[in-house]
Amino acid sequence: MANDALPLVLVPGLLCTADLFAHQIEAIKRDRPVLVADPAGADSMAGIARTALAIAPPRFALAGLSMGGYIAFEMLRQSPDRIARLALLDTNARADRPEQSEQRRKLVELGRKEGVAAVQRALLSFLIHPSRMDEAALIARIVRMAEDVGLAAFERQQAAIIARPDNRGFLKEITCPT
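Its first residue numbered 3, the sequence shown is counted upward by one per residue in my numbering.
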């Protein structure tokens, strides 16, 4: 491990855990410390970002996937000087449109009725390539992450996503390599 290598903080997406990044962590940890934020504890982007920043070292590289990207925007707002580099993966700077928020509420209702595994199965076509839809081990891993996150955390995550700000104006304020 290089002594001067910046630690990397990874922020997973909706209904995902550190297991999402297991293969990447295995490779990257040879070169630098890797931490994974837990986006399950708060019901606002500000609260989730505070929790993530609390586990992060004083200066670090940051990568957020999907909802993790929304959280990364808020982490940058709260502590821009701590984040040396940024990777935004499959995310969006826009706030939800009303129809997106409504779809999220429907997914929460599905979760309440049938569990988060049903939610994750309903989202599979958005999560994996069609050529991999018959890979039982992959699907089981994705569903297991949702079950590990649980319904209460899923509800908090969706509330935070629905209430997130439009970050397009904030993009010009990002000064670290992105």
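Hints are computed from structural coordinates only; laboratory data are not their basis.
Computed from a predicted model, the values in this text were never measured in an experiment.
No residue lacks a Cβ here, since even glycine has one placed at the ideal position from N, Cα and C.
Check each hint, because a few of them may be wrong.
Now the in silico label distances, taken between C-beta atoms and shown as ranges [as the list claims (entries may be wrong)]: (1) D21 with P60: 26 to 32 Å; (2) A124 with P35: 17 to 23 Å; (3) L140 with K174: 24 to 30 Å; (4) A124 with K174: 32 to 38 Å.
Status of each hint after checking the structure:
A hinted range of 26 to 32 Å for the beta carbons of D21 and P60 is consistent with their spacing of about 27 Å. Our hint of 17 to 23 Å for A124 and P35 is violated, since their Cβ atoms are close to 36 Å apart. Between L140 and K174 the Cβ separation comes to about 38 Å, which falls outside the hinted range of 24 to 30 Å. Checked against the hint of 32 to 38 Å, the C-beta distance between A124 and K174 comes to roughly 36 Å, which is consistent with it.
Violated hints, in rising order: 2 and 3; the structure is consistent with all others.
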